[in-house]
Each structure stands twice: as C-alpha cells, then as structure tokens.
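Please put together the full structure from these sequences, using the hints given.
Residue numbers (UniProt numbering), protein chains in the order written: chain A, 1 to 315; chain B, 1 to 315; chain C, 1 to 315.
It is worth saying that the hints were derived from the structure and are not from the lab. There's no promise every hint is true.
Copies of the same chain are indistinguishable here, so a pair counts whether it falls within one copy or spans any two.
Pairs of lysine to aspartate or glutamate, DMTMM-like flavour, derived with a Cα cap of 25 Å [as the list claims (entries may be wrong)]: (1) LYS283 - ASP8; (2) LYS309 - ASP45; (3) LYS106 - ASP133; (4) LYS82 - ASP122; (5) LYS41 - GLU75; (6) LYS178 - ASP95; (7) LYS85 - ASP28; (8) LYS289 - ASP179; (9) LYS184 - ASP158.
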Amino acid sequence: MTLQEIADFIGIDCQEKKEITGLNTLLDSNENQLTFLENKKYLSDLKNTKAAAVLVTEENSKEVPSSSIALICDEPYLMLAKISKLFAPNVIEMDGEKPLIGGGTKVMPNVYIGKNSVIGSDCTIMAGAFIGDNVTIGNNTIIYPNVTVYRDCSIGNDCIIHAGTVIGSDGFGFANTKDGKYIKIYQNGNVTIGNDIEIGANSTIDRAVFNSTIIEDGVRIDNLVHIGHNCKISRGSILVAQVGLSGSTTLHPYVVMGGQSATAGHLEIAPFTTIAARSGVTKTIHEPKKQWAGFPLFEHKQWLKLQGKISNLLK
Amino acid sequence: MTLQEIADFIGIDCQEKKEITGLNTLLDSNENQLTFLENKKYLSDLKNTKAAAVLVTEENSKEVPSSSIALICDEPYLMLAKISKLFAPNVIEMDGEKPLIGGGTKVMPNVYIGKNSVIGSDCTIMAGAFIGDNVTIGNNTIIYPNVTVYRDCSIGNDCIIHAGTVIGSDGFGFANTKDGKYIKIYQNGNVTIGNDIEIGANSTIDRAVFNSTIIEDGVRIDNLVHIGHNCKISRGSILVAQVGLSGSTTLHPYVVMGGQSATAGHLEIAPFTTIAARSGVTKTIHEPKKQWAGFPLFEHKQWLKLQGKISNLLK
Amino acid sequence: MTLQEIADFIGIDCQEKKEITGLNTLLDSNENQLTFLENKKYLSDLKNTKAAAVLVTEENSKEVPSSSIALICDEPYLMLAKISKLFAPNVIEMDGEKPLIGGGTKVMPNVYIGKNSVIGSDCTIMAGAFIGDNVTIGNNTIIYPNVTVYRDCSIGNDCIIHAGTVIGSDGFGFANTKDGKYIKIYQNGNVTIGNDIEIGANSTIDRAVFNSTIIEDGVRIDNLVHIGHNCKISRGSILVAQVGLSGSTTLHPYVVMGGQSATAGHLEIAPFTTIAARSGVTKTIHEPKKQWAGFPLFEHKQWLKLQGKISNLLK
Chain A
1 MTLQEIADFI
11 GIDCQEKKEI
21 TGLNTLLDSN
31 ENQLTFLENK
41 KYLSDLKNTK
51 AAAVLVTEEN
61 SKEVPSSSIA
71 LICDEPYLML
81 AKISKLFAPN
91 VIEMDGEKPL
101 IGGGTKVMPN
111 VYIGKNSVIG
121 SDCTIMAGAF
131 IGDNVTIGNN
141 TIIYPNVTVY
151 RDCSIGNDCI
161 IHAGTVIGSD
171 GFGFANTKDG
181 KYIKIYQNGN
191 VTIGNDIEIG
201 ANSTIDRAVF
211 NSTIIEDGVR
221 IDNLVHIGHN
231 CKISRGSILV
241 AQVGLSGSTT
251 LHPYVVMGGQ
261 SATAGHLEIA
271 PFTTIAARSG
281 VTKTIHEPKK
291 QWAGFPLFEH
301 KQWLKLQGKI
311 SNLLK
Chain B
1 MTLQEIADFI
11 GIDCQEKKEI
21 TGLNTLLDSN
31 ENQLTFLENK
41 KYLSDLKNTK
51 AAAVLVTEEN
61 SKEVPSSSIA
71 LICDEPYLML
81 AKISKLFAPN
91 VIEMDGEKPL
101 IGGGTKVMPN
111 VYIGKNSVIG
121 SDCTIMAGAF
131 IGDNVTIGNN
141 TIIYPNVTVY
151 RDCSIGNDCI
161 IHAGTVIGSD
171 GFGFANTKDG
181 KYIKIYQNGN
191 VTIGNDIEIG
201 ANSTIDRAVF
211 NSTIIEDGVR
221 IDNLVHIGHN
231 CKISRGSILV
241 AQVGLSGSTT
251 LHPYVVMGGQ
261 SATAGHLEIA
271 PFTTIAARSG
281 VTKTIHEPKK
291 QWAGFPLFEH
301 KQWLKLQGKI
311 SNLLK
Chain C
1 MTLQEIADFI
11 GIDCQEKKEI
21 TGLNTLLDSN
31 ENQLTFLENK
41 KYLSDLKNTK
51 AAAVLVTEEN
61 SKEVPSSSIA
71 LICDEPYLML
81 AKISKLFAPN
91 VIEMDGEKPL
101 IGGGTKVMPN
111 VYIGKNSVIG
121 SDCTIMAGAF
131 IGDNVTIGNN
141 TIIYPNVTVY
151 RDCSIGNDCI
161 IHAGTVIGSD
171 GFGFANTKDG
181 KYIKIYQNGN
191 VTIGNDIEIG
201 ANSTIDRAVF
211 NSTIIEDGVR
221 IDNLVHIGHN
231 CKISRGSILV
241 AQVGLSGSTT
251 LHPYVVMGGQ
261 SATAGHLEIA
271 PFTTIAARSG
281 VTKTIHEPKK
291 QWAGFPLFEH
301 KQWLKLQGKI
311 SNLLK
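Set out below in structure tokens:
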C-alpha cells in the first residue's frame, strides 16, 4: 500500500507513492514502515527513527528527520489505530497451501490446521486444538486438547502446551476518539515460543501489536497466566499460576514470578530476580539476583520487617 | 406451571391454579412470577412487589401485599432453589428450528450451532466454537476458536470474542440445607452483549439467575476476566486482565478497572471512575470521575500518601 | 521395570531385579515403589518408608531402613525427575477398548472419548468436550462444551463441569540441573472428583504427581479457579472465583475461600474456616471455625482493626 493511499484513508494530503509494508515503533521501524509520535516523552526516539513516514502533530513535526516524511495530524495515535486495520491479515485465509505435517506426528480428530502451516515430526496435536494459518510448530511438541494457536505464531521443539491455553490472541489495544469510542489497534504481530517450554492450562499469551511477543527457550509457565502483548520472557524464567504481565514487560533470564504476582507494563526485571507470590511490580528492577515482595514492592527482607512493624500497630 | 403445582413440589398447601411463568426478585417480578423474601433487609421491597406469589416466613408474611399470595415456609431461599429447577430449560434442545445463518457469514468446521439460533451476516464463527440453543448474534461479529456461548444468550454487531471465552455459564448460586448440602439455584437468565464489544481470551461471563447479565455497547474486556451473574457493565467501561466482578456489580458508563482488581457483589461504581490495578472495591462508589486504589480502597492520592506513611514505619 | 533397569537409566550401579511399579513419597510408597529423599527435613519419614528403594545422597543413606535399597546419587530429586518419564503413560492410547456409554447419556458432535473410558447413564457430554483415555464418569453428570478431562481421571455422579474447564492437566513440577535446565517431573497421578460437585468455567485442576488430587463430595468451585497438584478439597468446601491453591494444599470440610484468595503449598486449613476475599494463607490453620483475612493473614476482626490503625497513619 502506498503512503498516498494511507494518507487518503485518514484524510491527509500526501502525494508520496512510496510502498509501505507495515507499522512499527519509532525505533524499530525500517525504511518501508510507518510510525507515529503521540507522547513527547519519545521525541528523542523520533530523531533517530528510520521510518519512511511518521504520524505526528504539527508541533512535533519539526523533529522528524529529513529521511522521513511527516504525516501531520491532530491525533497521531488515533490515526495509527485507524490505519492498523489496513495492515491486518485475514481472520481466516481462504487460499494457500495445505498444512505440512511431519513424520510420526499424530493429529487427533476435530483438529483444525490452517493454510500454509507447518508442523514438525513426532508431535501430538490433540482433539479440539486449533492451529491457525501460517503457524509453525517444531518437532516433538505436544498440543493438548482445546488449545488455540492464532495465525502466524510459532512454537519450537519439545514444547508442551496444556489444554485450553490460547496463544496469539489480540493484545489489549485501542485509541480513544473524542466522543468516547474505542478504535481497535489491530495486533498485526505474533507470538514466538522457543524450545523446551511448558505452558499450563487456560493461560493466555497475546500477540504483539508490532513484531513479536517472545517466550524464550526453557521457560515454564503455569495455569491461568496472562501475558500481555509485546512481552519478552527470557530463557529459564518461571511464571507460577495466575501471574499477570501487562504489555511490553521484559523478564530477563531466570526471573521467577510467584503465584498471582503481576507487573505494570513497559518495564524490565533483571536476571535471576525472584518476585514473591502476590507481589506487584510497577518499576523496572535493575539489580539482578534480588528477592522482592509486596505491593508496593519492597526487597523481601524489608517487606517482612515492614509487616512486623505494621502488625505492631495492633499493640 | 400452576402455583398449586409449585406449592405441591415443596410440600406447601396452596389451591391457587394461577399460571406462574418464572421466578424473579421482589421488585422485578411481574404479576405472573414467583418471588421470595429471606432477608428482612428487603421488607420494604416486599411491600412493593407485584409478584403473583411470595415465598416467605410466617413472621414476614403480614407484609405481603394483598395483590400477592404468601407461600409460607421456614426457608424461603432454600425453597426458591428447589423450585428454580422446575423452570430450568433443557441443557440441550432436541426439537426446534435449524439455525439461521446470514449471508457472508463463515462457519468453520467443528462448530456447533444450536436450535433456533440466529446468526447475522458477515460473521466469522471459528473452529471449535459452541453456540448454544436460542442464541442470537448480530452482523459482522467474530467468534474465535473454542469459545462457548451458552443457550439463550445474545451478542450484537461488530463484536470480537477471543478464543476460549465462555459466555453464559451458570452463576455461582446455591442455598444451604441444615444438614450441609448445597441446593443449586438454577440460573435461568442469560447474558446480553451489545454492539462494538471486544472480549479477550479465556474470560468468563456468567448468566443471570433471573433476567440478564448485561454488557453494554463499546465495552472492552481483556483476558481471564470473571464477571459474575447479574452484573451490568455500562457502555464504554474497560476491564483489564484478570479483573473479577462478584455478582450484581453495576459499573456505570466509562468505568476503568485495572488489572487484577475486583469488586464485592451488590454494589455500584459511578461513571468515569478509575480503579487502579489490584484494588478491591467493597462499597458503592457514588461520586463520579474519581481515582481509587488499594484494598481497603482509598482515593488514589490518599493511597499513595498512605503508602509513604507505611514505608516510614521502617525508619 | 526392574530396579536394575532404572538404575542403569540414571547411571547408577544396582544389580537388583526387583520389579518397580511406580514412584511415590517416602510415606506413601509401598514395597513395589521407588521413592527419594532430597531434603533432610524428611529424614524421619525416610526411617519409616516401606519403599522398595530410595534415591538418596551418600550422607543420608545410613538412615535408609534395611527393608529398602539405597540408590546413592548426588541429586536425588533430579534423578527422580529423570526416572518419572519412564513411568509416564502414553499421551494417547492407541490400543484399548472403545468407551462404554451408559443408557440415556447424550454425546453431542465433536466430542472425543478415549480408550477404556466409561461414562455412566443419563449424562450429557456437550460438543467440543475431550474425555481422555481411561476416564470414568458416573451417572447424571453434565460436561459442558470445550471441557478437557485428561486421561485416568474420574468424576462421580450428579456433577456439573462448566465450559472450558480443564481437569487433570500436569502439575507444575520440575527439577533443576546445575546448568540451568528444568527436567520435567512427569505427573503420573490423576484427579478424582466425587459426587454432587459443580465446577465453574475455565477453571483448572492439576493431576497429582503421585496418587490423586482429590475433590470430595458436595464441593462448589467457581470460575477461573486454579487447584495445584495433590490438593485435597474436602466435602462441602466452597472456592469462589479466581482462587488459587498451590500444590498439596488440604482444605478440610466446609472451608470457604473468598474470591482471588490463595494458599501457599503444603499446608492445611481446618474445617469450617472462612478465608476472606483476596487473602493469602501461608501457614497451616489448625483451629476450626474461624474467619481470616488479609495478606499476611490475620483473624478477620484483627484485620479490620489493623486497617483502622493503618488508615490512622494518614491523620
């Protein structure tokens, strides 16, 4: 789709015929992608963007680098939401190749496998599983019953996905209009799941808005865990039951999140951090190998001490 | 079913042949419905009921208005539970019309659509979805894989229901017997979902015990959210992942509930209220447009101040 | 499998040809089972084990009773994990008898029922349900759509299992290697669900690592509840929505757990205890019939008093 066509779609005048292949963040965009700036906090990213064009307010448009085209509008984030629909793939592909199923793989009855999907050897795909279009699954992976894998996601070798888990559902993203409507930001990314990963029952891992939600090798995820869009769960991390990660949370390697703990979004947790059960993390944790607890969060020893002080209030 | 038949079923003497069409609350009952009073707190409602008959203790029976018949019993709530089974529809309808499917609607394999159900045009019903009997779905709605919609529920136009979500499961209701058994209160209501609503993956919305659990236009619900029976989520409200709403919670328009927050039941939250992540609401919030946090709940600024005071205990 | 074959598998020298039928804990093992000791806390259990053999470090091997054989190794728990795979049943049985379905039982389309499974009379098994191999279901039980029951589990009479619930998924268990890999402990036990039990939508009940996760008669479980492996939920207990029980939690009869409350693992809660919504239980509760609240947990009245004291900090 050309930049001109996109601009026309949102009622902006732009004569550029440059072909745009997708949407992305300021820093991750390549020279064929469109990006946006809504929040001034990211002005420094704007200066470094390689994007073909930027949705931007007039006020901020002076900072658009000369290599990019400024698409000036009042509500860049809302315009991005509207444009995201143009790049959304079909919910179901009607055309495409039949799925390829590797040797030794068992596919039970009542399984749907989409167009252009490739499943490796020695897998087990159990009854009621849904494998969307353009999904790849490695070797020796077990997909338990009634699992849903949305289109374009990938799962590696030696994984176990327990029943009812959903991989690749849309991230929770929308822009507000001034009259109180929510315009969906189509989640055109995917989920990539590495090797040797076990995910419990009825967990949900949302697909990325751009690029990928990433689960690295060796991760262990329990039941009823929620992982928001664009999270990165690095290798060896452990998420106990009912954990909730907001969007764009990065867990560095070997982070342990206790049961029912959670994170606010857009933060990082240092390697080998342990978050106690039922804790809430609202800021990036920089120092590795520490234990934390509570909400608000304290170092675990401090939290225990604090609970002692609090209970003294009863005396 | 006549009042006499109902009375016979629970061993009460009543000769009235009046036809009873269902059960309802004191205030919502019409003149063909049966209601009950267990808790004296609702005596003023009793005086205003239009119900055909009321299950009531002898003590409270004097307050039954002359337009209603008093069915006197020791345990009205338990009797209601027993009677609720008489009005429960079939789990599966064997008779009835084949479903009607509108033009342009795609129904994938392994989908079940029940008797008398009507699906509009340009919908997508994905593999493994279950659409029960007597369900209506509007136009241009997407039902993702392995979604379950129980019988009698309705979903409007332009909705997106993500994989694994359950709409219309029974509310959590039962009466105790003196010897420690739980008698199910059949949940004979339904769920009504308006237009332009997106619901995430593996969420659950229980059907009403009487009448409807209501999700109004424009609502956004994230993953793994629980909505109890008889809740009303008014237009434009947003429920982030892992929120839990107890039964009969009313969210007025444009309420935002942060991740893992929750409400006790039978309360209301004023319009444009924001509840921070992980907060617990136990009382009605009357004043609109305020921010709240914590458990117990405080105004957000007060909660932040309080956390400062608490952390001072460590000094 | 002989003890010699097992020892060979993990590179230990042992010439014993004794047939080993499975793995179990120190105290629950019979004379044909293999057990392990990793944590010195359980040395007294070691002295009382009836197991055929014990995986044990050299240091602790002197305490192995003369009736048992010591399999000396550096990392007994890790060795147990490796051996657990040898005893894991097939994910899907290819051989075995067709399921037996009792009179009056309705099985909807798109249902899978495994080998050697037995379903009683007057049940309803709804579309998209998965009933694994060797499952038994009693009479008059309803399995709603898209429920998954893993192999070897049992469900009694007069139960209702709501849509999307998963029964018998693997417990969250693995041993660490020194180089940061997680070795799965195969969960070779099952889940047994008694009579007159209702379980809400999208809940998850994990199978036991050894023996059974047990749900006793009359229990009521709401939506999105997580029950870890080897829990025992005694008769009449009530678990409200989004409760999370860590592994090996025992609820004695008639315990009530409020919404979003949780337990750490390996603890017991006395009969007729009430745990308020959003509380966290980290220690065994010995005294019956008390109310508790908060995290850390206090008696409910004390917790209310404490919240008053805390809010006074704002003055």
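Structure-based check of all given hints:
| no. | hint | verdict |
| --- | --- | --- |
| 1 | LYS283 - ASP8 | neither (40 Å within a copy, 50 Å between copies) |
| 2 | LYS309 - ASP45 | neither (45 Å within a copy, 38 Å between copies) |
| 3 | LYS106 - ASP133 | both (19 Å within a copy, 16 Å between copies) |
| 4 | LYS82 - ASP122 | between (43 Å within a copy, 20 Å between copies) |
| 5 | LYS41 - GLU75 | within (16 Å within a copy, 51 Å between copies) |
| 6 | LYS178 - ASP95 | neither (39 Å within a copy, 49 Å between copies) |
| 7 | LYS85 - ASP28 | within (20 Å within a copy, 43 Å between copies) |
| 8 | LYS289 - ASP179 | between (47 Å within a copy, 16 Å between copies) |
| 9 | LYS184 - ASP158 | between (35 Å within a copy, 11 Å between copies) |
In summary, the numbered hints that this structure violates are 1, 2, 6.
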